[in-house]
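Engineer: Sequence:
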Amino acid sequence: MLSKNLLIFPASRAIREYIEILKSQNQLLPKSITIGDFFSRAVLTNNKTIIDKDLRILYLKEAIGNIDIKKLGLTLNFSKFYNQSEYIFKFFNELNSEFKTIDDLESSDTYSLYIDHLDILRAIYKQYLIILDKNNFIDNITLPLNYSINETYINDFEDITLFYEGYFSSFEFQIINEVSQITTLYIDITINDFNQKNIEIFKKIGIDLDVNNKYRLDISNKKIIKQTPLKQKVLNHTIYPIAQRITQVAFIKSAI
Numbered sequence: 482m483l484s485k486n487l488l489i490f491p492a493s494r495a496i497r498e499y500i501e502i503l504k505s506q507n508q509l510l511p512k513s514i515t516i517g518d519f520f521s522r523a524v525l526t527n528n529k530t531i532i533d534k535d536l537r538i539l540y541l542k543e544a545i546g547n548i549d550i551k552k553l554g555l556t557l558n559f560s561k562f563y564n565q566s567e568y569i570f571k572f573f574n575e576l577n578s579e580f581k582t583i584d585d586l587e588s589s590d591t592y593s594l595y596i597d598h599l600d601i602l603r604a605i606y607k608q609y610l611i612i613l614d615k616n617n618f619i620d621n622i623t624l625p626l627n628y629s630i631n632e633t634y635i636n637d638f639e640d641i642t643l644f645y646e647g648y649f650s651s652f653e654f655q656i657i658n659e660v661s662q663i664t665t666l667y668i669d670i671t672i673n674d675f676n677q678k679n680i681e682i683f684k685k686i687g688i689d690l691d692v693n694n695k696y697r698l699d700i701s702n703k704k705i706i707k708q709t710p711l712k713q714k715v716l717n718h719t720i721y722p723i724a725q726r727i728t729q730v731a732f733i734k735s736a737i
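Under the working numbering, think of the first position of the sequence shown as 482, with each following residue one higher.
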């Protein structure tokens with residue numbers, strides 16, 4: 482009988498490494514998938530089509546057509562705009578992934594000197610959404626605002642285990658939390674100095690985590706199954722004063 486369990490890994494390489502370990506155990510391999518593929522299958526776009534990379538750039542250029550973008554340092558020269566567009570998409574994606582708006586940025590003192598820039602970006606975003614909606618497309622940057630969970634796909638598994646690295650965006654964690662209400666979902670995660678942001682995210686669902694620990698979490702029942710302290714490595718550092726940067730290169734090679 483095929484396993485009804487799903488394993489989610491950070492990347493394809495992690496899947497290959499896991500399968501290599503299981504080959505010697507003479508057993509059926511569990512269904513495995515990358516987290517990117519999982520999100521694409523677990524989320525529905527509500528009868529809209531995900532726009533492809535090239536078309537989204539054409540639509541963005543159309544949205545900018547009547548907007549003065551000089552203050553943003555952008556140009557409508559297509560070859561240059563093709564590369565510059567990624568910065569715009571990344572900005573909008575980071576906002577929506579954290580369920581933030583340009584209005585939220587305006588209320589922050591950090592961005593008080595960039596009000597004019599934010600007004601331009603707001604106008605671009607508004608026009609881009611109008612064009613997407615008119616053509617029945619959805620973009621990854623707008624997905625957090627208009628999606629639903631593919632319950633048919635999720636219900637196909639008795640339980641799901643996610644081996645996670647890095648840290649969750651608010652949108653990613655919302656998906657994970659919604660999936661955990663449909664089927665049993667476990668997360669294996671290590672909390673260290675580089676992903677402490679996860680502590681606040683898990684705290685929102687009543688799970689308190691500490692730095693320098695490895696955890697197995699039951700997200701469906703909001704509890705810690707296993708906690709293992711990380712072994713702390715003692716690093717001995719020696720500081721060498723070097724006057725010139727070019728000399729630093731020679732020193733590093735010598736030390737290695």
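Be aware that a few hints might be false.
Said to hold, decoys possible - As a list, the in silico DMTMM-like pairs of lysine to aspartate or glutamate whose alpha-carbon atoms are at most 20 Å apart:
(1) Lys485 with Asp535
(2) Lys542 with Glu579
(3) Lys607 with Glu543
(4) Lys678 with Glu579
(5) Lys615 with Glu632
(6) Lys561 with Glu543
(7) Lys703 with Glu639
(8) Lys512 with Asp640
(9) Lys684 with Asp699
(10) Lys712 with Glu681
(11) Lys512 with Asp691
(12) Lys607 with Asp585
(13) Lys712 with Asp614
(14) Lys561 with Asp584
(15) Lys542 with Glu646
(16) Lys512 with Asp689
(17) Lys512 with Asp674
(18) Lys712 with Asp674
(19) Lys512 with Glu543
(20) Lys485 with Glu639
(21) Lys704 with Asp691
(22) Lys695 with Glu632
(23) Lys571 with Asp584
(24) Lys529 with Asp600
(25) Lys571 with Asp535
(26) Lys685 with Glu653
(27) Lys712 with Asp691
(28) Lys534 with Asp614
(29) Lys561 with Asp585
Stated by the list, open to error - Pair by pair, the computed Cβ-Cβ distance ranges are:
(30) Ile596 with Glu498: 47 to 53 Å
(31) Lys678 with Ser588: 18 to 24 Å
(32) Asn694 with Glu498: 29 to 35 Å
(33) Asn694 with Asn617: 34 to 40 Å
(34) Glu587 with Ser735: 49 to 55 Å
(35) Lys561 with Val730: 45 to 51 Å
(36) Asn558 with Tyr595: 19 to 25 Å
(37) Val730 with Tyr595: 21 to 27 Å
It should be emphasised that the hints constitute simulated quantities derived from the structure, not laboratory data.
Glycine is no exception: its CB is placed at the ideal position from the N, C-alpha and C atoms.
Engineer: For each hint, tell me whether it holds in the structure or not.
Structural biologist: Against the structure, the hints come out as follows:
Proximity of Lys485 to Asp535 is assessed by CA-CA distance (about 38 Å); at most 20 Å being required, the pair is judged violated. Among the hinted pairs, Lys542 with Glu579 is inconsistent with the structure: their alpha-carbon atoms are about 25 Å apart, more than 20 Å. Restraint check: the Cα-Cα separation between Lys607 and Glu543 comes to about 12 Å, which is no more than 20 Å; the hinted pair holds. Annotation: proposed proximity of Lys678 to Glu579 holds, straight-line Cα distance about 12 Å (limit 20 Å).
Pair hint Lys615 plus Glu632 does not hold up; C-alpha atoms about 28 Å apart against a cutoff of 20 Å. Simply put, Lys561 and Glu543 have alpha-carbon atoms about 15 Å apart, close enough for the 20 Å limit, and the pair holds. Of the supplied pair hints, the one linking Lys703 and Glu639 holds, its CA atoms being roughly 17 Å apart against a limit of 20 Å. Restraint check for Lys512 and Asp640: satisfied, since their Cα atoms lie roughly 11 Å apart, inside the 20 Å limit.
Straight-line distance between C-alpha atoms of Lys684 and Asp699 comes to about 14 Å, which keeps the hinted pair within the 20 Å bound. Using a Cα cut-off of 20 Å, the hinted pair Lys712 and Glu681 is violated, with the two alpha carbons roughly 23 Å apart. For the given pair, Lys512 sits about 31 Å from Asp691 by alpha-carbon distance, which is inconsistent with the 20 Å threshold. Taking the CA atoms of Lys607 and Asp585, the gap is about 16 Å. The hint holds against a cut of 20 Å.
Restraint check: the Cα-Cα separation between Lys712 and Asp614 comes to about 52 Å, which exceeds 20 Å; the hinted pair is violated. As the CA atoms of Lys561 and Asp584 are separated by approximately 29 Å, the hinted pair breaks the 20 Å bound. Under the criterion of a C-alpha separation no larger than 20 Å, the hint pairing Lys542 with Glu646 is inconsistent with the structure, at around 35 Å. Distance check on the hinted pair: Lys512 and Asp689 sit about 30 Å apart at the alpha-carbon level, beyond 20 Å; violated.
Taking the CA atoms of Lys512 and Asp674, the gap is about 32 Å. The hint is violated against a cut of 20 Å. Distance check on the hinted pair: Lys712 and Asp674 sit about 14 Å apart at the alpha-carbon level, within 20 Å; holds. Between Lys512 and Glu543 the alpha-carbon distance is near 43 Å, which puts this suggested pair outside the 20 Å criterion. Between Lys485 and Glu639 the CA atoms are separated by roughly 5 Å; this keeps the pair inside 20 Å, and the hint holds.
Proximity of Lys704 to Asp691 is assessed by CA-CA distance (about 14 Å); at most 20 Å being required, the pair is judged to hold. Taking the CA atoms of Lys695 and Glu632, the gap is near 30 Å; set against the 20 Å cutoff, the hint is violated. Restraint check for Lys571 and Asp584: satisfied, since their Cα atoms lie roughly 17 Å apart, inside the 20 Å limit. For a cut-off of 20 Å, the pair hint linking Lys529 to Asp600 is broken: about 28 Å separates their Cα positions.
A threshold of 20 Å between alpha carbons decides the hint, and for Lys571 with Asp535 the separation of about 15 Å falls inside it, so the pair holds. Proposed proximity of Lys685 and Glu653 is supported: the alpha carbons are some 14 Å apart, at most 20 Å. Taking the CA atoms of Lys712 and Asp691, the gap is about 14 Å. The hint holds against a cut of 20 Å. Between the alpha carbons of Lys534 and Asp614 the distance comes to roughly 17 Å, so the proposed pair stays at or under 20 Å and holds.
Taking the CA atoms of Lys561 and Asp585, the gap is near 30 Å; set against the 20 Å cutoff, the hint is violated. Separation of Ile596 from Glu498 is about 49 Å and conforms to the stated range, judged on CB atoms against 47 to 53 Å. Roughly 21 Å separates the CB atoms of Lys678 and Ser588, a value that falls within the hinted 18 to 24 Å. Take Asn694 and Glu498: their Cβ atoms lie about 23 Å apart, and the range 29 to 35 Å is violated.
At roughly 46 Å, the beta-carbon separation of Asn694 and Asn617 lies outside the given 34 to 40 Å, and the hint is violated. Glu587 and Ser735 have their C-beta atoms about 52 Å apart, which keeps the hinted 49 to 55 Å range intact. With their beta carbons about 34 Å apart, Lys561 and Val730 fall outside the hinted range of 45 to 51 Å. Checking the proposed 19 to 25 Å range against Asn558 and Tyr595 shows it holds: the Cβ atoms sit about 24 Å from each other.
Taking 21 to 27 Å as the suggested C-beta distance range, the pair Val730 and Tyr595 does not conform, at roughly 38 Å.
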